[in-house]
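Chain order of the listed sequences is F and C. This note's numbering numbers the first residue of the first sequence as -5 and each following residue consecutively. This note's numbering numbers the first residue of the second sequence as -5 and each following residue consecutively.
The hints are simulated quantities; they were obtained by calculation from the structure and are not laboratory data. Don't take every hint at face value.
[As the list claims (entries may be wrong)] One side of the interface only, derived from the structure: several residues of chain F facing chain C at Cβ under 7 Å: (1) Ile8; (2) Val35; (3) Val179; (4) Gly208; (5) Gln224; (6) Thr272; (7) Thr276; (8) Pro279; (9) Ile284; (10) Ile285; (11) Ala289; (12) His290; (13) Val298; (14) Leu321; (15) Ser325.
From a predicted model like this one, the values you see are computed outputs, not experimental measurements. Think of the CB as a built atom: it goes at the ideal place given N, C-alpha and C, for glycine as much as any other residue.
There are 2 protein chains.
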Amino acid sequence: MKQIRIVQYGVGPIGASILRLARKKKSVQIVGAIDQDPSKVGKDLGEVVGAHDAPWGVKVSVDAAKTLAGPVDVVLHSTSSYLKDVMEQLLACVNAGCSVISTCEELAYPFRKSPPLADKLDKAAKREGVALVGTGVNPGFVMDKLVLTLAAISQRVDSVRVQRIVDASRRREPLQRKIGAGMSVEEFAEKTAAGVIKHHGLPESVAMVGDGLGIPVDTITETIEPMVAQEDIRTEFMKVAAGRAAGVHQIARGFSLDRERIILELKMYVGAKDPADTIELTGEPNISMIIPGGAHGDIATAAVVVNAIPLIVAAPAGLVTSRDLPLSFFSSETSSG
Amino acid sequence: MKQIRIVQYGVGPIGASILRLARKKKSVQIVGAIDQDPSKVGKDLGEVVGAHDAPWGVKVSVDAAKTLAGPVDVVLHSTSSYLKDVMEQLLACVNAGCSVISTCEELAYPFRKSPPLADKLDKAAKREGVALVGTGVNPGFVMDKLVLTLAAISQRVDSVRVQRIVDASRRREPLQRKIGAGMSVEEFAEKTAAGVIKHHGLPESVAMVGDGLGIPVDTITETIEPMVAQEDIRTEFMKVAAGRAAGVHQIARGFSLDRERIILELKMYVGAKDPADTIELTGEPNISMIIPGGAHGDIATAAVVVNAIPLIVAAPAGLVTSRDLPLSFFSSETSSG
């Protein structure tokens, strides 16, 4: 069996969890990793990601060009949420002849917000005969791919509502801080206005769902409010007093001619009651779907990225999205039928 | 916009519901229909399927060769559950240069039960540069494709359980008869032994799920028992007395080395309590998913078939399955992004 050679670009918490999972796939060979953090560069990758089978004999490098010179088949990329900030990184991967799976939220469906960047990536990938995709649990799965898949049993879809309620209590500390848990409501408002507190990707999911279902979305709006703690909440990392922010409440809406047709609602906060992912399609027939507890953010993002490895290798050259790929499980243990 | 020219092969209840839906897609042109029933042959297709916008100006023909000579892009095929019974029909379509979407349950994943037939179809399709798929709501979606899609957020899958509970009370009369509703338990047992009462496709779904998740299934078993009415049940078409059969309870199991790893359970009966589709993946993490009410059998099968039209046109030549296709909604109203 020929192994798929991968490089991890960005060895933060998500990159580390991607790597620990990729390491378990027999048909994957981790051949390199790129990161700028001086505390990681030059160290053994297995040790940096806290793998129990470290060392792996692969070192973290600050030199992207050298690492990508490979040979490398697929780059797993996890450095930033902003497409413009990662364009050079992505183009470097593509120009080195590597396919890319990235957790950059804005890459998940960039055709609406950044058509010129999408076009540039698509052209470069086609020229090099490789494929790129931006994916993860959200955007990439719960609020878009799963909606489109469920719509396979629809004869007509008039409107879509997705609600994702995530209990951040058991998530890592940086995530709890990132969603504003523990802040005063005023501080939350300031950080939101400054763009510091935000879950990225909801507008991308609205656009993917609209295009996939043939709903002509002319306007996308997005609001961010705090979920305010109704009682004192204690997590492993912090105490949130009643009346302070416990996390985010974000809603993205897609309108067709002033009619609200797509509503994607995210409540991610510490102490969340009844966490779940819920999809409702109104049409012929009405269809609803519930994932009790909800897809686990960190576990699921690493899973979606690693599970996409064989799909990106087989994808047609160019920029693709979760919508185009038959997302599934990557079993590298047995042959497929 | 170039229209996709389709022919319906088999104008029974399922074929009729497929046609009524296909008629609504602007980018589809219905150019012919094939059926052997003398009461349909020569009649206007729109009238035969009870369309409110009949006549359609297309007649039902008994002459498959002439109808397929077209030009035709895609044949929607719905004549039998048994692959060997439809091989000649499928090969005629393929040899006429048509792609095929069929509701033949045994075509949904024929690699285990009928490898030579699968191989013959695959070779013929590749030679002609067309694609075939067997799909529908089940097999094709609820118990296989949806399971595999959900597993995109799994890091490891140890076992799978799917339960589909269908209330047949509001389904068409032939379906209520087909599942044995109203029979004595003895008669049900006789009909089951004779192979008359049976929902087809569970073993195909077990095989697709096993291959897709890398679960090495060495043995597939299937049992069929009656669901016995606990009280008198009345439907639009029949009365089922307490103690008589109300429908089927089928379970297909996939084993790896004597360990049960895939369980697909179907309860389809009149008066079913709490109809729902439930998927449970045990692994890292445990994941469950519920469709309250369950996917509506008749509506969903027509939807899956028609929604697959653009996908089969774009598919690589050969025999493919739901597993390979990014099943979704077919919007023919707006362009995709």
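Do the hints match the structure? See the list:
Hint status for F/Ile8: violated, given a least beta-carbon distance of 14 Å to chain C, over 7 Å. For F/Val35, the suggested interface contact is broken, since its CB lies about 28 Å from the closest CB of chain C, more than 7 Å. With 7 Å as the threshold, the beta carbon of F/Val179 stays out of range of chain C, its nearest partner Cβ sitting at about 33 Å, so the hint is violated. With 7 Å as the threshold, the beta carbon of F/Gly208 comes within range of chain C, its nearest partner Cβ sitting at about 2 Å, so the hint holds.
Proximity of F/Gln224 to chain C is violated relative to the hint, the smallest CB-CB distance being about 28 Å (cut-off 7 Å). This hint is violated: F/Thr272 has a C-beta 10 Å from the nearest C-beta of chain C, more than the 7 Å allowed. For F/Thr276, the suggested interface contact is broken, since its CB lies about 13 Å from the closest CB of chain C, more than 7 Å. Proximity of F/Pro279 to chain C holds as hinted, the smallest CB-CB distance being about 5 Å (cut-off 7 Å).
Interface hint status for F/Ile284: upheld, as the beta-carbon distance to the closest one in chain C is roughly 5 Å, under 7 Å. The closest approach between the C-beta of F/Ile285 and any C-beta of chain C is roughly 5 Å, which is under the 7 Å cut-off, so the hint is satisfied. Interface hint at F/Ala289: satisfied, since its Cβ lies 5 Å from the closest Cβ of chain C, which is below the 7 Å cut-off. For F/His290, the interface hint holds, the least distance from its beta-carbon to any beta-carbon of chain C being 5 Å, beneath 7 Å.
Hint status for F/Val298 relative to chain C: holds, with the closest Cβ pair at about 5 Å, below 7 Å. Hint status for F/Leu321: holds, given a least beta-carbon distance of 4 Å to chain C, under 7 Å. The closest approach between the C-beta of F/Ser325 and any C-beta of chain C is roughly 2 Å, which is under the 7 Å cut-off, so the hint is satisfied.
When each numbered hint is compared with the structure, violations occur for hints 1, 2, 3, 5, 6 and 7.
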